[in-house]
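Visitor: Could you use the hints to bring the two separately framed chains together as a complex?
One line per chain: the protein sequences are A and B, in this order.
The first sequence maps to residues 1 to 359 in the numbering used here.
The second sequence maps to residues 1 to 436 in the numbering used here.
None of these hints come from the bench; they were simulated from the model.
Errors might be hidden in some of the hints.
[To be verified] So the derived list for chain A, only partly shown, Cβ under 8 Å to chain B, looks like this:
hint, residue
1, Pro59
2, His65
3, Val72
4, Ile88
5, Ile101
6, Phe169
7, Phe173
8, Val174
9, Leu321
10, Gly329
11, Leu332
12, Phe344
Bear in mind that the values here come from a model prediction, so they are computed numbers and not experimental data.
Note that CB positions come from ideal geometry on N, CA and C, so glycine has one too.
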Amino acid sequence: MSAILDFGLPEVTAVVTLLMLNAYVLTGGADFGGGVWDLFARGPRRGEQRQLIAEAIGPIWEANHVWLVVVVVMLFGAFPPVFSLLGIVLHIPLTAMLVGIVLRGCAFVFRKYGTVRRWERHWGRMFASASLITPVLLGVCVGAVAGGAVGRAAALLPAGPGARAIPSFVQVFVAPWLALFPMVVGILALALFAFLAAVYLTLAAPTAALRHDFRRYAYGAAVVAFGAALGGLLLAPGEASRLGAGLASTAAALALRAAIAVAGLAALLALRSEWWCAARIAAAALVSLILWDWALAQYPYLVPFTLTICEAAAPRITLQLLLGGLAGGSLLVIPALAYLFRTFSGSGAARADVRRAGS
Amino acid sequence: MSDLLAARLQMAWSLGFHIVFAAIGVALPVMMVIAEWRWQRTRDPVFLELAKRWAKGSAILFAVGAVSGTALSFELGLLWPRFMALAGPLIGVPFSLEGLGFFTEAIFLGVYLYGWERISPRMHLIAGAAVAISAAAGTVFVIMVNAWMNTPLGFTVANGKLIAIDPIRAMGSAAALPQALHMLLAAYASTGLAVAGMHAWLLRRDARSRFHRYALAVALCVGAPAALLQPLSGDLSARLVARTQPVKLAALEGQFQTTRGAPLRIGGLPDATARETRWAIEIPRGLSLLAFHDPDAEVMGLDAFPEKDWPPVAVVHVAFQLMIVLGSAMAAVSAWAGWVAWRRHTLAGHRSLLLALAVVTPFGFVATQAGWAVTEVGRQPWVVQGLLRTADAVTVMPHLWAPFSVFGLLYLGLAAVVAVLIAGLVREGATSGPLG
Ligand code: HDD
Ligand code: HEM
Ligand code: HEM
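Looking at chain B on its own, in the form it has when it is part of the complex (with noise of 0.2 Å):
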C-alpha cells in the first residue's frame, strides 16, 4: 500500500465514523427537546421516559463524536500537513467558529445531561435548545472548510503560497450554501429515520406501546420532512457541481463525451479504460434537463479534461447512484408515512408501513456515507480543488499503513461496542415495565 492510498484511507474512514456521530449529534438533541417539550406542555409521563432514554444514549454518541473529531483535528496535520500549511490561514478562520459552535454545545449538554435534576424545568428545555442550535451552527462552519476546498476563492497564488487572502470571503464559496443545507437534512434526515425505524420495529411486536407510538411521531416529524426536502436540496447541489465542478459532475453521472442535450444515466458501471458507461437506463436529454434546465444545454463529458485530472470515475458514479436510490426510497416511505398519518392520525396499526420504515432504517446513513464519496473522491486528484494535488499535500512520514491500522481497529472496535451498548439500551426501552 502506498503512503497516499494509506493517508486518503485513513482520512476517509475516520471522517465516515465521525460523520455518524456528527449527523446523530446535530438531529438526537432535536428529538429530545421536542420530547421534553411536550411532556411538559402535557405531563404526559411517557414523553419524559423518551426524553431520558434518548439523553441516555446521546451521552455515549455525543462523547464518542466528540473524542473522534478531537482526532480529526490533529490529523490534517499528521496526514496533509502541507494542505494545513497552505491552507490554515484561510480556513482557520471557519474552523475556529466550528470549534466556537462545539464549545457552545458541549457545555450544555453537560448541562443537559446532568441537569435534569438541578436546574428548573425551563432552563433544562433552554439548555437542550442550545445544544441543538450549536450543534447546527459548528457543522455550517466546517462544511463552509469542505465547500471552500471544491469550489476555492479568497486569495491569489504567487509562488506556491496564496496571499492577499480574505478568509471571509472564503467562508463564502459558491458550494456553502447547498452544502450545508444538504448536510443539515442529512442529519435530520438519517437520524430521524433510523430511530423511526427502530421504533417502527418494535411497534410491529408490540402495536399498544404508547413508548414506541409517541417516539416513531417524535422522530418522523424530525426525519420525514428533511427526507422529503433532500432531492430539492441534491438538486440545488448537483447544479453547483455542473456549474463549478464540470470533472466531478462528468464522473459522477459517468458521462464520458461532451454532449449536446445529455442523457440522464440510471445505474450502470463506468468503464474508464472503454471510455463508455455500461449497462445504465438512459433517459433522454434527462441530464442537460436536470443539470442545466435546459433540454439542449451541453455537458462536458471526461473527455474534454486530461486524464490525470480525472477521479475514480466508477466509484464516484455508483455512489451517487447509491446516493440518490437510497434518498428517493427514504422520501417516497416519508410520503406515505405522512399520508397515512393524515388520513388515519395513527401510523402504530399500519404493518405494512411499519416494515418500510424498518426497512429504510439504516438507509440515511449509508446516503451520506455515498454522498461523502461523491464529494470527496469526485474531487480527486485534488485536495483543493485545481490548486493543491492530494499527492503534494500528504505527509513525508513514511509507513502510514501502521496509523492507518491504529484508527482502523481502534474505530472497528468502537463501532462494534457502540452497536452493543446502544442494542442494549433500546431492548432496555421495549421490555421496560409500567410506561412501555
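For reference, chain A alone in the conformation it holds in the complex (with noise of 0.2 Å):
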C-alpha cells in the first residue's frame, strides 16, 4: 500500500498520461467503434443506422483523434526510452495500425465530401474495415507491453550506439505481438469501442426502432467483450505470469475488479431499461475501469519487467513543463471541447439531421 501512495512526479506525469489514453478510449475509440457497426449494419434501417453513424462521427473525430497524438508526445516527451523501445519492437503492427488511421480519416472524408459518387461505396468499405482493424492492433500492442513481451524483446536489442545485429528478427520483431494473448487482448480493444460507439447511438438515435437496432449491437458487443476479458484473465497467468499474481493480492486492486463487474451490470440494467443515459455513463465508467485495471496490474513497470515509471521518465524540469504545458492549455482545450460538443451531440441535434436528410 506504502508504495502505491509514494507518488512522486514521474508518477503523477504517467497518471495524467493515462488519463489522456482514457480520454482517447471513450472519444476516438468509440468512433472506431461506429466505424465497425457501419461494417456491421443489418436489417431494414441499415441506410438509416449508417446515416447516423456518419452524422454523430462527423464533426468530433479529428479533435478526438488528437487524444491519441497527445498520448504519444507524452511518451516521447516524459518517457523517451518508452517510445523509443515500442518504436523498435513494435515497428511493424504500429506501422500497420497507421495505416489503418490515415485509411480510416481519409475515406470517412472522400465518402463524404467525395465528387466521385462511383467511388463512394469503396470508401464507406475502406471506412468500415479500417476501422474493425485498427482497434485490434492498439489493443495487440497494449497486450504486448502488458503481458511481459515487450520487456522480454527488449533484452535481445543491441545495446551501445553503434551495434545493430539482431540475434533472430522473429524473436524481436514478431514473436512479442503475434502470439495468442495480444491478439485476445486486441479483440477486448476492438468489442469495447464497438459496445462505446453502440451505447453511444443509443442515446443519439432520434427513433425507438433505431435505438433497439444499437441496443442490440451493444449486447453483441458485451457478449464478444466479456469473452475476451475471460480469456485475457484465463491467459494472463501464463503469459503474464507475474501480473495476475501482484494484482489480485492488493485490496485496491480487488475493488477495482469488484467495480468493473458493478459496471458492467450496471450498464446493461440501463440498456434494458432504457435509460440511454446512464447506459452512456456506465458504459463509459467499463471501459475506463478496465484501462485502469491494466494500469494498476503493471504498475510501477511502464514497460514489464523493463522499465519502470521511474526509470524511464525524463528529467524533472520536462515534466514540469510538460504537466504545466497540458494544464494550461487545458484552460484552452476543455472549454473549446466542451463547446464543440454541446453544439453538436444530444439527440436533438442528431434528431434535426436525419430529419434532413431523410426529407
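Guide: And the structure:
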C-alpha cells in the first residue's frame, strides 16, 4: 500500500498520460467503434444506422483523434526510453495501425465530400474495414506490453550506439505481438470500442427503432468483450505471469475488479431499462476502469519488467513543463471541447439532421 | 537499399506529403474567413458560396493533413528511436504545445465545417479565425523543433546523454524565429498563389464570372504579400545559416574553397569529386555581400570541413537554386498583380497576367519541397547538428524498405485520389449555375 501512495512527479505524469489515453479511448475509440457498426449494419434500417453513425462522428472525430497524438507526445517527452522501445519492438503492428488510421480518416471524408459518386461505396467499405482492424492492432500493442513480451524482447536488443546485430528477427520483431495473449487483448479493445459506440448511439438515435437496433449491437459487443476479457484473464497468468499474481493480492486491485463488474452490470441493466443516459455513463466507466485495471496491474512498470515509471522518466524540468503546458492548454482546450460537444451532441441535434437528410 | 537510406526516404516522403496539406491547413482558413467576413459585411451571396466551396475542399485536405501528421509523430519513434530517446525530453515540450495548437484547430474546424446552421454567424466567423490562428501557432511550435535540430542548445553532453537540459531555452534556438517566419510565409504564399492560379485559369475562359473574380481577389490578398516578403525572409534565413551552419551554406552555394569576397553562383552543378561547381554564372563578391553584408567577408568553403561531414552538395545546391528561381518568379508575378490591381482595379480582363498567375500555380509547393530539401539534406550527416549522426539515430529494425514501400504506395494513392476529388470540386465550381 505504501508503495502506491509513494507518488512523485514521474508517477503523476504517468497518471496524466493515462488520463489522456482514457480520453482517447472514450472518444476516439468510440469513433472507431462507430465504423465497426457501419460494417456490421444489418436489417431494414441499415441505411439510417449508417447515416446516424456518420452524423455522430463527422464533426468530432478529428478533435477526438488528437488525444492519441497527445499521448504519443507525452510518451516521447516524458518517458523517452519507452517510446523508443515501443517504436523498435512494435514496428510492424504500429505501422499497420498507422495505415489503418490514415485510411479510416481519409475514407471517411472522401465518402462525405467526394465528388465521384461511383467511388462512394468503396470509401464506405474502406472506412468500415479500417475501423475494424485499427482497434485490434492498438489492443495487440497494449497486450504485447502488458504481457511482458515487449520487455523480454528489449533484452535481445543490441546495446551501445554502433551495435546493430539482432539475434533473431522473429523473436524481436514478430513474436512479442503475434501471440495469443496480445490477440485476445486486440479483440477485447475492438469489442469495447464497438460497445461504447453502440451505447452512445442509443442516446443519439432519433427513433425508438434505431435505439433498439443499437441496443442489440451493444449486447452483441458486450458478449464478445466478456469472452475476450475472460480469455485474457485466463491467459494472463501464463503469459503475463507476474501480472495476475501481483494484482489479485492488493485490496485496491480487488476493489477495482469489483467496480468493473458493477459497471458492466449497471450498463446492461440501464440498456434493458432504456435509461440511455445512464447506460452511456456506465459504459464509459466500465471501459475506463478496465484501462486503469491494466495500469494498476503493471504498476510501477511502464514496460513490464524492463522499465519502471521512475527509470523511464525524463528530467524533472521536462515533466514540470509538460504538465504545466497541459494544464495551461486545457484551460483553452477543455472549454472548446465542451463547446464542440454541446453544439453537436445531444439527441436534438442528431434528430434534426436525420430529419433533414430524410426529407 | 540500405536501411538508413530507406528510413531517410520514408521520413522525407512522409514529411513532404504532410507539408503540402499542413501548408494548406495554415492558409486556407484565412481565405475562408476573409470570404465569409466579406459576405457578412456586403451580403453578396457570391462570397458565401466561395466560403462554402473552400470549406468543402478543406474538409478533405485537413483530414489528410491530420492523419498524415499523426503518422509522422509515430514515425519519429519507428525510424529514429535513438534520436527520440536522446532529444525527447527537450523537444517534447514544443511538440506538446504543437499538439495543443492542433487540438484547438481540430475542435474549431469541426465547429466551422458542421456548424453553418447551428451557431450564430458571429460565432461561426470566430470559429474560423480560431482555426487559422491555432494552425499558425501549431506550425511555429513544430518549427521550433526543427530549428533546434539545426541550431541545438539548452543542454550539456555527458556520457552520450543530455544533462542539465533547459527545454525553454531550446525552444528559442537561433534558427527558430527566421524559420518559423519563412515557413508561415511559405504556407500563405504557396496556398494563396495556387488558389489564385486556378481561378485565374478559369477566368481566362470566362472573364465575367464573379465567383472566380472574388476568389482570385481573396486568394491574392493572402498569397501576394507573403510572396513579396518571402525573399526578404529567405535572406534572413540565409544569413542565419551563414552564421550558424557554415557547412550547409557552403553546400547550398556550391562553395568548395574558403575565399574572401566569395562570388554568388546562379545555377551550376557542384561536382564533389572534382571539388568545383561547373556552369554557374558567378556574380563577383555577391555571396560575401549577401551572406555577411560585406563584399570582402570570408566565406568558409567545404574544404574547411572533413569530407565525412559534408552533405550531398549537388542536391542541396540545386534545391536551393530551384527555391530561389521559383520564389523570384512568385514575387515578380505578385508585384505585377499588385500593380495592375492598383492601376485598373480589376485583374479579370488582363489575359497575360492571368496566364502568368496560372503558370505559377504549383511554384509555391515545389519551392517548399525544395526549401525543406535544403534544410534537411543540408544538415546531413547529422540529425541534430554536431550532436547526433543520422546513421546513429536510425532504428535497429532491418528490412526498412518494406515500411517505406507501404507508406510510398499509401501516400501515392492518396495523393492521386485527393487530386481527382479536388479537381472535381473546382470543376463543380466552374460550371455551377446561377452564381457562377
Ligand atoms: C513558398 C515557398 C518558398 C519560397 C518562395 C522561398 N523559400 Fe526558402 N524555404 C522554404 C520555402 C520557400 C521552406 C518552407 O521550404 C524552408 C525549409 C525550412 C524553412 O524554414 O523554410 C526554406 C528554407 C530556406 C533556407 C534554409 C534555412 C535553414 O536551413 O535553416 C534558406 C537559406 C532559404 N529558404 C532562402 C530563401 C531565399 C533566399 C528565397 C528567395 C526567393 C526563398 N528561400 C524563397
Ligand atoms: C514543417 C513542418 C510542419 C508543419 C508546418 C506542420 C503543420 C501542421 C498543420 C497545419 C496541421 C493541421 C493539419 C490540418 O488540419 O490540415 C498539422 C497536423 C499535424 N501535424 Fe504537422 N506540421 C509539420 C510537421 C510535422 C511533424 C514533423 C510532425 C510530427 C512529429 C507533425 C505532426 C502533426 C500531427 C500529429 C498533426 C495532427 C493534428 C490533428 O489531428 O489535427 N507535423 N501539421
Ligand atoms: C518541423 C518539423 C520537422 C522535423 C522535426 C523533422 C525531422 C526530421 C528527422 C528526424 C529526419 C531524419 C534524420 C535526418 O535525416 O536528419 C528528417 C529527415 C528529412 N526531412 Fe525533416 N523534419 C521536419 C520537417 C520537414 C519537412 C516539412 C520536410 C519536407 C518537406 C522535411 C524533409 C526531410 C528530408 C528530405 C529528410 C531526409 C534528409 C536526408 O536524409 O538526406 N523535413 N527530418
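Visitor: Hint by hint, say whether it matches the structure.
Guide: We went through each hint and held it up to the structure:
1. Pro59: This hint holds: proline 59 of chain A lies near chain B, its Cβ roughly 4 Å from the closest one there, short of 8 Å.
2. His65: Hint on histidine 65 of chain A: holds, closest Cβ of chain B at ~7 Å, below 8 Å.
3. Val72: Interface hint status for valine 72 of chain A: holds (5 Å vs cutoff 8 Å).
4. Ile88: The hint holds - isoleucine 88 of chain A has a Cβ within 8 Å of chain B, the shortest such distance being about 5 Å.
5. Ile101: holds (6 Å)
6. Phe169: holds (7 Å)
7. Phe173: holds (6 Å)
8. Val174: Valine 174 of chain A check fails; min Cβ-Cβ to chain B is 11 Å, beyond 8 Å.
9. Leu321: holds (5 Å)
10. Gly329: holds (4 Å)
11. Leu332: holds (6 Å)
12. Phe344: holds (6 Å)
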